[in-house]
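Each chain, letter by letter, is given below.
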Amino acid sequence: MTDVRTPTPEAAVTSSEPNRSRWIVLAVVLAFVALLPFARWLESYNYVLQVGTIILMWVAMASSWNILGGYTGYTSLGHNVFFGIGAYVGGMLLVEAGISPFITAPLAGLVAMITGAIVGLITFRAKGPAFIISTIALLLVIFLLLDNWEYVGGANGLSLPLAPFELSWVKVPFYYGMLVSAVLAVLLGYRVAHSKMGLALRAIAADEVKAEVAGIDTRRFKLMAYALSAFFPGVVGAIWGYSLTYVRPTAFFAISVAAQFVLMSIIGGRGTVAGPVIGAAFIIMLNELSVTYLGGSEINLAFTGLIMVLALLFFPLGLVGTLRATNKLPGWLDWD
Amino acid sequence: MALLELRSVRAGYGVGPDILTDVSLDVEAGGTYVVIGPNGAGKSTMLKAIVGLLAPREGTIEFDGQMIGGKRPDQVLEAGICFVPQDRTVFPEMTVRENLVMGGYLLRDSAKVAKRLDWVMSMFPILEERAPQLAQTMSGGEQQLLALARAMMIEPKVLMVDEPSLGLAPQAADQIFDTIRRLSDELGVTILMVEQNVRRGLDLADHAFVLDLGTKRFEGPSKEIGEDPRIRDLYLGAMAPDVQEEGEG
Amino acid sequence: GGDDDDAAETTAAPAADTTTAAPAEDTTTAAPAEDTTTAAPADTAEPIVFASSLPLTGEFSGVGAKHKDGYEFCVEEINRLGGILGRQVEIVIEDNRSETETAVSQYERFINVVDADVLFGTFSSLLGYPTSSLAEQNGMVMGLPSSGAMRVWARGYENIFYFQQLPAELTGSSIVDLVNYYTETGVIDEPLETAAVVDADDFFASAIANGFKGAEFTVRGEGGAEDRQVSLAPGYVSDMGMELVYEETWPVGFTDWLTLANAIAGAEPDFLAVAVTSVDELLSMVKALETVDFSPKLMYASQGTQSEVGEELGGIEGGLLIHAVWAEEANWEGKLAGQPYTNVDFIENFTAAYGRSPDEDEAIPFALCQGMEQAILGTGGTDNAAMSEWLHSRQGDPVKTIMGDFVWGEDGLAEERAFLVNQWQDGELKLVYPVGEFDGTADMLFPMP
Amino acid sequence: MTNFVQVVILGLLLGGVYALMASGLTLIFGVMRVVNLAHAAFIIVGAYFGYYLYEGLGIDPLISMVLALPVFFLFGVALYRILFPRIEGSERFGEMTVLLTFGLAFFFEGLMSFFFTGIFRTASTGYSTDAFFIGDIFIPKGQLFAVTASAILLIGLWAFLKYSRIGYGVRATMQNRDAAQLVGVNVRSVSTISFGIGMALAGAAGTLVSFLFAFFPSRHWQWLAILLALIVVGGMGSIKGAVIAALGLAVLSSLVTDQISPEWAPMSFYGVLFLMLMIRPQGLFGKKVRI
Amino acid sequence: MALLELDQVTKRYGGIIAVNEATFSVEKGSITSLIGPNGAGKTTAFDTISGVIEVDGGKIRYAGKDITNLRPWAVTKLGIGRTFQVTRELGDMTVLENLAVAGVPNSFSSLLGGRIQKDEYDKAMEVLTFLGIEKLANELSKRLSYGQRKLLELAAVLMIEPDMILLDEPAGGVNPALLDRILDRIQAINDTGITFLIVEHNMDVVMRLSHSIVVMAHGQVLIQNTPEVVRNDERVLDAYLGEA
Ligand SMILES: Nc1ncnc2c1ncn2[C@@H]1O[C@H](COP(=O)(O)OP(=O)(O)OP(=O)(O)O)[C@@H](O)[C@H]1O
Ligand SMILES: Nc1ncnc2c1ncn2[C@@H]1O[C@H](COP(=O)(O)OP(=O)(O)OP(=O)(O)O)[C@@H](O)[C@H]1O
Ligand SMILES: [Mg+2]
Ligand SMILES: [Mg+2]
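Residue numbers (this note's numbering), protein chains in the order written: chain A, 26 to 361; chain B, 22 to 270; chain C, 185 to 633; chain D, 17 to 307; chain E, 55 to 298.
Derived by calculation from the structure, the hints in this document are not laboratory data.
Hints are supplied without guarantee of correctness; some may be wrong.
Said to hold, decoys possible - Keeping only pairs whose Cα atoms sit at most 27 Å apart, straight-line, the calculated DSSO-like set for lysine-lysine is: (1) A/Lys152 with D/Lys256; (2) E/Lys82 with E/Lys113; (3) E/Lys189 with B/Lys237; (4) E/Lys196 with B/Lys237.
Unchecked claim - Listed next, with one range per pair, are the computed distances between beta-carbon atoms: (5) A/Lys353 with B/Ala100: 53 to 63 Å; (6) D/Ala167 with E/Gly69: 55 to 65 Å; (7) E/Glu215 with B/Ala50: 52 to 62 Å; (8) C/Gln579 with A/Tyr318: 39 to 49 Å; (9) D/Ile155 with C/Ala626: 32 to 42 Å; (10) A/Tyr318 with C/Gly340: 35 to 45 Å; (11) E/Arg235 with B/Lys244: 18 to 28 Å; (12) B/Thr81 with E/Arg235: 32 to 42 Å; (13) C/Asp623 with D/Asn19: 41 to 51 Å; (14) B/Gly209 with D/Phe176: 51 to 61 Å; (15) E/Arg235 with B/Ala50: 34 to 44 Å.
From the three backbone atoms N, C-alpha and C, an ideal C-beta is built for every residue, glycine too.
Given only the sequences and the hints, what does the whole structure look like? Please build it.
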């Protein structure tokens, strides 16, 4: 007979709640991340904050992607559409109305969310690989539309003013903007994973017909998942566009950007709460290291590719997933 | 020496626990054998291990003087063991005819395939009727029938069937049991099957194994097994034999 | 492949000639350089660090790699000549894979971790735009080898400098001059009445095309400032007295060149202007026009001076006009390490070092590096604020580079000078305009073969 | 009218080349459920293969195409043997291969940039800029040769899959791996062979690209996007579908280029893809499975 | 009063008429069996009732309400639960989670509710214990044996607590010892007023449970009557039972 974990009510009902020591480690990590901007004596302060900002941004985006791609099982290779839409909304409001993207970011998220729901109506007609490809198509369609929409700058894009912060502080608001988004996105991911909705989404991923026969309004849940997963990319898009001072289709709608969402989630562990977080940090740092140390040569691209391939071959379920499968996952990373 | 010999076979899935803890059994050429046991006992797992869908972790599987443990399914099939799994697997996007042709994949000779095809179709006229239909559009039972028929495209030394009667209407089930009996009687094919319809399984087979918790608990001539009160209480339920008596009596 | 060999030979020949003379020249130029370093703090003093993030892989990798050579060669030359202010120079170049996100964080690293003294700009406006914002924010001077669209320079930045003669929109003016000149001299002996303008849907390419078409656009004001209306009317096509009979824009990743060429052929323009994002588009376009058997009387392309163009097209590029910021024939007199360092020196030394002759994509970064070097010399250090001020106040005392003299206005755009215009003639790139200013200008071929 | 015919002809010719590119991709998907995101990168490798054989040894790309078949086949076989056995039987095979091939795309792009630099290339054969004229209509020779070569390859591929024993094995494996094993198909070698075939098609298509288009290593992403759209519209896994979609959409895109604007030409691929999803999610020749 | 009524329901696939103007009804509180040879259209009939496929014609009424072509989840929420002949477990979820899915509300509030509540857990464990697979509660459902999956299918439908339960071959592949107990349980549930419609090929099971039997062949309903009548009907013997 199979050796199954003996189900106790506690284990099943509350297994999801991290225990005390877990919370402590997490709190320490979070405190470290939150206090980083106070480490002003660091020589490479602005650079560290910059990389931190990018990592946090991707934590927010990968965690959001994971709601659709991880739990619901619909791999989107066009999620940067929402990233870009967020950037445009934030950028246009800044240029036209002079409102800071830090204020309009939630609105940008909302617009992305609504777009997500609308797009879902169409793309959800396909499943599996066809869905993946339809999301790529979505990306290219939106690209084309924005590229030809002169009101928002067309191919030339939008040029935004520099953020009016003093140099030594200029990174800080962006850093905290991304941190808040990242924390909220992870919390949302956690909430989804630990809610009935998460159960519904995973059921959809497993077998849609069965899920529906079990009483789940699959269409509604899928649209909800799509919309939720579009929110934070929209939010961080607005902030990121501001930090770039520049919003242009080619910068936001590249397939390589879309792929990052997928890579981070899969490498970290798709369908787990901690996976996208680990994956985002891993990929961004890997990129930084490889362009820094192999930067002089084109080999750095090959190197990144190689790492991806190796990570996959040796951690087929992602870092978190594989560690869990072999029971080596440290407790403080087990957020599921 | 037996045609098929399992010795202390231990097997399981992936990194999971052992499902078969220690299974040894002999299958003699020309015999008909039935494996019975509760759900989850490891019956299907045993057949999968024999046929190579699962590599044994320990122990040996010898067939016709050849070690087949750990070999690939196509190699095992080439050696002479044909297997029809429990969740009948047809080729969904091939027609019924193509599915049957695939059954003769190993024959290589297209004339031979055509001949077998005629024979199988004549045996299961419903398939002849449905020849151009895509397999995935057939009903559950029809697919079961197709998978069974496909296995008959070649003449294996051993035919292993996981629950031949599953999903079949009584008439169709009768026909399948008939066919199996004929394969055994007329062509001398060795039969090893799993059957939850215990009554019919024991009827058909001359020898039975009882599997539980991953090991062989009992074995013996079907008749004895069917009448053994311990086995009857534990595995056959009150109903099967009683109903049989009722029904026929 | 025969044409390729020709090209290689012809470019190699002058190089070989001059290298015989080089050693003598070398010693003379090297001597004073050694003087400045007699105090020999060279090994003790901290090196001056330049840094640039370039698209060595990805979309812009072709040009990016050449920029790397241009920058690195300049640094080698500076060091060979004794460094700057007695300090050796180092350059850190990293690959940003043509991604904005990576480019930005790399410059951030250059500023904060590498502690670079001077930032060199990157290629393409996609990357140049945000990274120049970063430089501005940090008060770092940044020379930009590309990103010539006016919008980039309308942001009111103080620390960015453009290392080309004209912003993209005004590129066509050089063609107007050329047409006027050759019409007067009678080389253009048939009237040019109709024109077609096609361009890639891209920042830079559409800027050039807009100049030809006479577009108007708005540059949005920054932080409450008024929007600026930029009018390019009536446009260079109209300036040349032609009628615009066909205009079209193709998108990124376009592949259907034959159909586009067919449509152009259908319009039968006398003059065709093609503004591209990258040279592969030009190759495809020229091949397609050849296939549909159409050639306008005069054809201009915004890029395509690279030696590969001749190699890959094997002759059919003949007659193509391309504006250039640099040319072999233009014997501009630059300066390096306080001494004259002319374009001829550049070509010669580069060829010796790399075994091939340089092209524009190596010359621009080289010139940029020259400019920065002169700013350091001029201010006596690497204080970027001082450098910026120095660079802004070159009126009357220009920065001297292998691309000519540079004087920058408030906005960081150089004081307008005409571009050079090259023409592909028999697998070779010839300078055809301006005429008489440099040795070795050739006559323009007309009409296109 | 002539112009219309002309544009349609050009579209068909372009489509023929797309068809070859897309069929390798759809084949690999069909057989192994692998969406090979590195397919276009391999096409570019093939383009360099054709280019250097032409520039270096003067071998005509059309001949290189024939050479590319065995070379890339072996390349594919080797690659498959190295990478895939580890994940072959895995439950998440489908999604893992997306990542795996994505990594491969990067890896090969990097290698190509390193060895061949990012400089654009194109092989200038005599015929690549030549055309036959029939009245006012011209038929570009390069495209015509390329399409003819594509057609021959595709017919060969189709016949192979339809009639050969391995072809049956390939189709069976793509539909049900376990069942295929149980009827005696060696799925490992069948998968290897089909990956090899897909790769051979990519290599062959690449040699055609070498003289039809200008290319450089990172060009592959743009090709990939178009090819993916084609295989979805055609119905994933259907070679017939991919060919028809390639021809149809290329003609449409040519008409859009000619009549509206090249700027909207890509819309013919992605817009049609969207429409297709709305009216027939399984694609032209995709089969609707029993729920 | 008839709880479920099929009125001239038709479903075509190209040339094949899977269900051909089928008309039958299921009395409230009864156990009705639907039998017929392979390919008769039984599963297709289930599919139309549960909304998994759309009908080409005819009406389906449940408790007087027209439910034709209603979405599956809506049918379920109305109180009809069904199992699948070819089991469809949610493979990557544990057995327990498979059961808990029944308790998901179809609204945003589902985001607020925790994963598995205590009462749901108790209910699930009770069902699993009864079917003898409680040890598998935390096993991924794709790791189950065929028979175990059949049992899970049954457990899942019991979790929904429907008023009417459609079972598609509940006995297939289930060990006879266990089957005995399952049949007892079905009878017990039925005694509490829950209606059953069962497709089954095992005649012993059918005869033992049914109050009424519907016989289908070639998509058509041949007869609906009591077990005694059906057992002796010529047509049924011909079409279905054969010599047995
Ligand atoms: N998608 C489809 N396309 C074509 N034919 C179909 C499709 N689905 C079902 N059929 C056909 O409809 C008929 C009825 O199938 P159904 O599954 O309802 O039979 P059933 O009575 O449940 O049989 P069984 O006892 O074997 O399960 C069969 O002949 C089948 O081939
Ligand atoms: N793919 C799998 N991965 C992991 N465990 C499995 C897998 N398949 C079956 N098992 C486990 O192995 C045990 C035996 O399964 P097996 O299928 O051999 O049972 P069986 O005797 O055939 O039962 P049944 O009569 O229900 O078909 C079961 O407890 C099951 O949970
Ligand atoms: Mg079994
Ligand atoms: Mg059925």
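Evaluated hints:
1. A/Lys152 with D/Lys256: OK: A/Lys152 and D/Lys256 at ~21 Å, within 27 Å.
2. E/Lys82 with E/Lys113: 18 Å, holds
3. E/Lys189 with B/Lys237: 21 Å, holds
4. E/Lys196 with B/Lys237: 25 Å, holds
5. A/Lys353 with B/Ala100: 53 to 63 Å: For A/Lys353 and B/Ala100 the Cβ distance comes to about 40 Å; the hint is violated.
6. D/Ala167 with E/Gly69: 55 to 65 Å: Given range 55 to 65 Å: violated, Cβ gap about 35 Å.
7. E/Glu215 with B/Ala50: 52 to 62 Å: 54 Å, holds
8. C/Gln579 with A/Tyr318: 39 to 49 Å: Taking Cβ atoms as reference, C/Gln579 and A/Tyr318 lie about 44 Å apart, which means the hint holds.
9. D/Ile155 with C/Ala626: 32 to 42 Å: 37 Å, holds
10. A/Tyr318 with C/Gly340: 35 to 45 Å: 37 Å, holds
11. E/Arg235 with B/Lys244: 18 to 28 Å: 26 Å, holds
12. B/Thr81 with E/Arg235: 32 to 42 Å: 39 Å, holds
13. C/Asp623 with D/Asn19: 41 to 51 Å: Once the Cβ atoms are compared, 48 Å apart, the range 41 to 51 Å for D/Asn19 and C/Asp623 holds.
14. B/Gly209 with D/Phe176: 51 to 61 Å: For B/Gly209 and D/Phe176 the Cβ distance comes to about 39 Å; the hint is violated.
15. E/Arg235 with B/Ala50: 34 to 44 Å: 39 Å, holds
In summary, the structure is inconsistent with hints 5, 6, 14 from the numbered list given earlier, while agreeing with the others.
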